[in-house]
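These protein sequence lines are chains A and B, in that order. If you read the first sequence in this note's numbering, its first letter stands for residue 11, the second for the next number, and so on. If you read the second sequence in this note's numbering, its first letter stands for residue 11, the second for the next number, and so on.
Careful: at least some of the hints might be erroneous.
You can't tell identical chains apart in this list, so a pair holds if it fits in one copy or across any two.
[Unchecked claim] Each computed SDA-like pair below joins lysine to any residue, with the alpha-carbon atoms no more than 25 angstroms apart:
{"id": "1", "residue 1": "277", "residue 2": "441"}
{"id": "2", "residue 1": "179", "residue 2": "329"}
{"id": "3", "residue 1": "224", "residue 2": "251"}
{"id": "4", "residue 1": "406", "residue 2": "273"}
{"id": "5", "residue 1": "303", "residue 2": "251"}
{"id": "6", "residue 1": "63", "residue 2": "33"}
{"id": "7", "residue 1": "53", "residue 2": "329"}
{"id": "8", "residue 1": "224", "residue 2": "329"}
{"id": "9", "residue 1": "190", "residue 2": "386"}
{"id": "10", "residue 1": "277", "residue 2": "303"}
{"id": "11", "residue 1": "367", "residue 2": "258"}
{"id": "12", "residue 1": "454", "residue 2": "15"}
{"id": "13", "residue 1": "224", "residue 2": "328"}
{"id": "14", "residue 1": "153", "residue 2": "66"}
{"id": "15", "residue 1": "224", "residue 2": "303"}
{"id": "16", "residue 1": "224", "residue 2": "447"}
{"id": "17", "residue 1": "355", "residue 2": "256"}
{"id": "18", "residue 1": "121", "residue 2": "158"}
{"id": "19", "residue 1": "454", "residue 2": "228"}
{"id": "20", "residue 1": "224", "residue 2": "257"}
{"id": "21", "residue 1": "224", "residue 2": "298"}
{"id": "22", "residue 1": "303", "residue 2": "363"}
{"id": "23", "residue 1": "277", "residue 2": "440"}
{"id": "24", "residue 1": "224", "residue 2": "327"}
If you are wondering where the hints come from, they were derived from the structure by calculation, not from laboratory data.
There are 2 protein chains.
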Amino acid sequence: MTDISAVLDRADQNLQDSIDRLFSLVRIQSISTDPAYKAECRKAAEWLVVELKGIGFDASVRDTAGHPMVVAHHEGATADAPHVLFYGHYDVQPVDPIELWEDSPFEPKIKEISPGRKVLTGRGTADDKGQLMTFVEACRAYKEINGSLPIRVTILFEGEEESGSPSLKPFLDANAAELKAEFALVCDTGMWDGDTPAIAAALRGLVGEEIVIKAADRDLHSGLFGGAAANPIHILTGILAGLHDETGRVTLDGFYEGVEETPTNIKEGWETLGRSSESFLGGVGLSIPSGEKGRSVLELTWARPTAEVNGITGGYTGEGFKTVIAAQASAKVSFRLVGDQNPAKVREAFRAYVRSKIPGDCSVEFHEHGASPAIQLSYDSPELTKAKAALSEEWKNPAVIIGMGGSIPIVGDFQKQLGMDSLLVGFGLVDDRIHSPNEKYDLKSYHKGIRSWARIMTALAQK
Amino acid sequence: MTDISAVLDRADQNLQDSIDRLFSLVRIQSISTDPAYKAECRKAAEWLVVELKGIGFDASVRDTAGHPMVVAHHEGATADAPHVLFYGHYDVQPVDPIELWEDSPFEPKIKEISPGRKVLTGRGTADDKGQLMTFVEACRAYKEINGSLPIRVTILFEGEEESGSPSLKPFLDANAAELKAEFALVCDTGMWDGDTPAIAAALRGLVGEEIVIKAADRDLHSGLFGGAAANPIHILTGILAGLHDETGRVTLDGFYEGVEETPTNIKEGWETLGRSSESFLGGVGLSIPSGEKGRSVLELTWARPTAEVNGITGGYTGEGFKTVIAAQASAKVSFRLVGDQNPAKVREAFRAYVRSKIPGDCSVEFHEHGASPAIQLSYDSPELTKAKAALSEEWKNPAVIIGMGGSIPIVGDFQKQLGMDSLLVGFGLVDDRIHSPNEKYDLKSYHKGIRSWARIMTALAQK
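With the sequences and hints as input, model every part of the structure.
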């Protein structure tokens with residue numbers, strides 16, 4: 011029986027060094043979606059390998075067609091210890107609009123944002139560098155006290171999670187035997203609130219698609235041609251405006267195939283969590299749920315599919331005014347999927363709808379940006395029960411089983427390609443501003459996250 | 011009686027030098043809408059003053075709150091010679107998308123684009139530097155032969171025509187006595203085709219407006235918030251898509267107040283010009299008229315009002331994909347006006363429509379980008395008759411009286427502020443690519459444009 015209290019004490023003693031190590035990782039500008047940061051992504055992978063080797067892992071940078079993977083192995087304390095695959099990602103989102111950051115995104119800081127509440131600031135502190143480092147630092151404390159880990163651990167750190175993970179499937183296929191474990195631990199999710207840990211059991215899937223509508227073969231003067239020549243922005247806005255009906259439902263043919271109503275008892279459970287529209291949206295300056303009418307914000311974000319325009323551009327967007335009819339206009343659109351919605355069918359329905367709206371003298375190009383189905387995990391597996399107990403003990407508050415609005419495609423890939431379920435535990439908070447300027451991670455999330463993983467590893471090792 | 015043939019011969023002899031002078035002006039990067047080019051705009055104004063002084067004008071750079079004006083005066087050969095105000099603009103459009111230019115936009119060249127057809131390439135060659143230089147070079151030839159000009163000339167060159175002319179009205183007000191003439195000559199329009207000169211008698215007006223829709227107080231993760239949080243791109247696309255009905259008509263309340271149907275005899279005249287949808291749109295890779303159903307392309311672009319989105323942006327528009335719900339989205343929208351449409355009423359109708367579509371927890375900002383009513387000039391003034399005869403003689407082809415799709419706000423300002431009508435004569439062609447990459451001006455337009463002004467000045471001087 012491991013002496014968990016000594017490991018937890020060591021995690022407490024290590025905290026300042028743990029923060030320094032996370033800050034070293036955050037300083038590396040590993041933006042995966044922008045080719046300009048390719049060398050920085052590799053640098054992050056190499057940094058992680060050095061750290062993992064330092065605590066006894068057999069770790070290596072593994073090349074892919076895109077950004078490299080980090081794979082590391084560590085045996086368990088006993089030959090029959092359970093074997094888990096821990097997953098995180100070292101890449102981060104772009105930082106624009108850069109002018110809205112209070113500090114440089116890659117110069118992390120500790121800040122006290124309210125009395126007694128300290129946060130770690132910088133791009134990737136919450137998504138996902140801080141989260142993956144909670145596990146690395148828990149392993150460090152364990153090794154320093156016991157010279158071993160209670161369970162056998164394989165680690166997989168990806169560098170393309172924020173850009174559609176193009177290399178992941180081939181890598182899992184090529185290395186299935188090496189990566190297969192009994193189940194996966196995925197640390198890329200959040201707490202219910204600052205005091206209440208959570209395990210996610212339902213995740214929405216994602217289809218990303220970019221459309222480029224082309225009209226005239228050059229930009230036109232709107233005085234000479236306006237009223238006669240096709241304006242691709244008009245075509246595009248018509249298409250996008252038609253994606254939702256007046257009740258907020260998505261209009262694509264067959265879009266709701268595979269979408270089941272959430273069971274009443276689950277919805278009732280969510281209602282007891284006390285998350286009103288006002289409390290959920292008030293934190294970001296909004297108040298009115300915008301999607302399907304008559305559903306709670308938890309249902310809208312956990313259990314209902316969506317169509318969202320994530321970016322749009324066309325024509326003159328600089329300072330001042332230019333009376334131009336653009337040659338082309340484009341939009342990036344994503345669909346969040348639930349239940350058994352088929353990503354390929356959703357993409358094809360969207361494309362068919364778009365094609366039906368293109369005038370005969372214009373054209374459209376489609377660019378695929380990733381696809382993953384929704385995930386529904388078992389509510390009563392032994393791993394989930396053990397992890398729930400360990401989290402509840404650390405946080406002195408019962409852990410809750412929740413849904414997740416964001417997709418984590420890796421969970422579907424682990425199911426499909428490696429036959430593994432995943433345990434989704436993370437310590438992010440709703441105000442972490444992931445994907446936005448001024449991203450942060452609570453110091454409490456980082457500290458108690460490290461302690462939580464020490465407890466979870468201990469619990470999982472128990473028969 | 012002026013010896014016009016000697017003046018025309020001198021224009022012919024001067025041609026290479028005339029081209030060189032135009033190229034010097036084109037090399038100055040006088041993009042008025044972008045504050046980064048402020049010094050270049052002044053440089054263009056100063057260059058023009060030097061040239062005008064060189065041919066005997068009393069010329070000066072005149073400061074405004076924005077880019078400077080050029081004002082120059084020259085007396086006529088006789089005390090009772092008519093007095094005209096010649097107007098052009100030395101500022102140019104931005105050059106983006108720069109990657110589509112075959113040559114650097116500010117390094118003008120002479121190119122032979124088909125056997126015997128030479129063009130002058132570069133930003134501003136057609137709009138409006140080449141055009142205004144036709145008049146300057148005509149004055150030069152006149153001065154060199156006769157030592158005088160047949161009419162009294164005041165010149166006004168503006169530097170803000172491509173950015174809404176914010177300084178023009180105050181400048182006209184402050185200098186009305188100095189600038190007032192019997193009528194104006196405005197050289198910022200086109201020929202009917204490469205062999206057929208034209209005088210424009212109807213011009214559409216313009217209202218420019220930018221809207222910025224604001225939703226959450228930060229960019230949001232579409233997984234965490236998608237389906238519940240307002241997406242400003244959805245609001246914006248809904249607004250823009252609703253600007254037109256299924257027949258192509260603009261839906262704003264009262265938009266068509268002041269719009270008269272074009273008289274049947276005028277429309278019949280236009281039909282004889284042989285401008286089909288295919289010939290008009292085919293030159294830019296299109297074929298289907300996109301605006302109001304059942305009207306010819308000439309009617310659509312000369313005699314019908316429009317609403318066009320000139321630019322749109324929101325969310326992530328870089329490489330790759332970012333699953334963000336943007337905090338804001340914006341669009342630049344312009345309305346072309348005809349007849350007696352009231353620009354202020356059109357703007358207010360648009361704003362009221364937009365406001366009616368903004369959810370209670372979102373907001374909208376409006377930014378005004380210029381306004382001018384439509385212009386309808388007299389078809390039978392003596393000046394128009396003389397100019398038509400002079401043009402017909404130079405081009406060996408009858409000049410036609412046409413409408414113009416683009417607004418030239420200065421014409422309305424001259425009417426309203428100085429009580430002057432304008433004679434709209436220019437030598438641009440439909441394929442000049444003004445406002446687009448690879449702008450050009452036909453060498454024939456430049457050469458015969460210079461000769462045309464020499465003939466027009468002569469004709470206007472005759473009793």
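Now for the hints, and whether the structure bears them out:
Taking the shortest alpha-carbon separations for residue 277 and residue 441, only the intra-copy value of 24 angstroms comes in at or below 25 angstroms, while the best inter-copy value is 63 angstroms. In this assembly of identical chains, the alpha carbons of residue 179 and residue 329 lie at most 25 angstroms apart only when taken from different copies (22 angstroms versus 43 angstroms within one copy). Proximity of residue 224 and residue 251 under a CA criterion of 25 angstroms is satisfied in both settings, with 18 angstroms inside one chain copy and 17 angstroms between copies. Neither within a single protomer nor between protomers do residue 406 and residue 273 lie at most 25 angstroms apart by alpha-carbon distance, with minima of 29 angstroms and 83 angstroms respectively.
Taking CA atoms no more than 25 angstroms apart as the test, residue 303 paired with residue 251 passes in both settings, with 17 angstroms inside one copy and 22 angstroms between copies. Taking the shortest Cα distances, residue 63 and residue 33 sit within 25 angstroms of each other inside one copy (19 angstroms), while across copies they are farther apart (66 angstroms). With identical chains, the CA atoms of residue 53 and residue 329 are at most 25 angstroms apart between copies only, with a shortest distance of 21 angstroms across copies and 37 angstroms within one. With identical chains, the CA atoms of residue 224 and residue 329 are at most 25 angstroms apart both within one copy (24 angstroms) and between copies (18 angstroms).
Only within a single protomer do residue 190 and residue 386 lie at most 25 angstroms apart by alpha-carbon distance; the minimum there is 20 angstroms, versus 78 angstroms between protomers. Within a single copy, residue 277 and residue 303 get their C-alpha atoms as close as 16 angstroms, which meets the 25 angstroms cut-off; across copies the closest is 51 angstroms, which misses it. Taking the shortest Cα distances, residue 367 and residue 258 sit within 25 angstroms of each other both inside one copy (20 angstroms) and across copies (15 angstroms). Only within a single protomer do residue 454 and residue 15 lie at most 25 angstroms apart by alpha-carbon distance; the minimum there is 18 angstroms, versus 91 angstroms between protomers.
Proximity of residue 224 to residue 328 under the C-alpha cut-off of 25 angstroms is found in both arrangements, the shortest distances being 20 angstroms within a copy and 18 angstroms between copies. Taking the closest pair of Cα atoms, residue 153 and residue 66 come within 25 angstroms of each other only inside a single copy of the chain (8 angstroms); across copies the shortest separation is 92 angstroms, beyond that limit. For a Cα distance limit of 25 angstroms, the shortest separation of residue 224 from residue 303 across copies, 22 angstroms, qualifies, whereas the shortest one inside one copy, 35 angstroms, does not. For a Cα distance limit of 25 angstroms, the shortest separation of residue 224 from residue 447 across copies, 16 angstroms, qualifies, whereas the shortest one inside one copy, 33 angstroms, does not.
Taking identical chains as interchangeable, the C-alpha atoms of residue 355 and residue 256 lie at most 25 angstroms apart only when both belong to the same chain, with a minimum of 23 angstroms there against 29 angstroms between chains. In this homomeric assembly, residue 121 and residue 158 never come within 25 angstroms of each other (Cα to Cα): the closest approach is 34 angstroms inside a single copy and 77 angstroms across copies. Within a single copy, residue 454 and residue 228 get their C-alpha atoms only as close as 55 angstroms, which misses the 25 angstroms cut-off; across copies the closest is 24 angstroms, which meets it. In this homomeric assembly, residue 224 and residue 257 come within 25 angstroms of each other (Cα to Cα) only across copies, at 22 angstroms, whereas the closest approach inside a single copy is 31 angstroms.
For the identical chains of this complex, residue 224 and residue 298 are inter-copy neighbours only, at 14 angstroms across copies versus 36 angstroms inside a copy, given an alpha-carbon limit of 25 angstroms. For the identical chains of this complex, residue 303 and residue 363 are neighbours both inside a copy (23 angstroms) and across copies (23 angstroms), given an alpha-carbon limit of 25 angstroms. With identical chains, the CA atoms of residue 277 and residue 440 are at most 25 angstroms apart within one copy only, with a shortest distance of 20 angstroms there and 63 angstroms across copies. Taking the closest pair of Cα atoms, residue 224 and residue 327 come within 25 angstroms of each other both inside a single copy (17 angstroms) and across two copies (17 angstroms).
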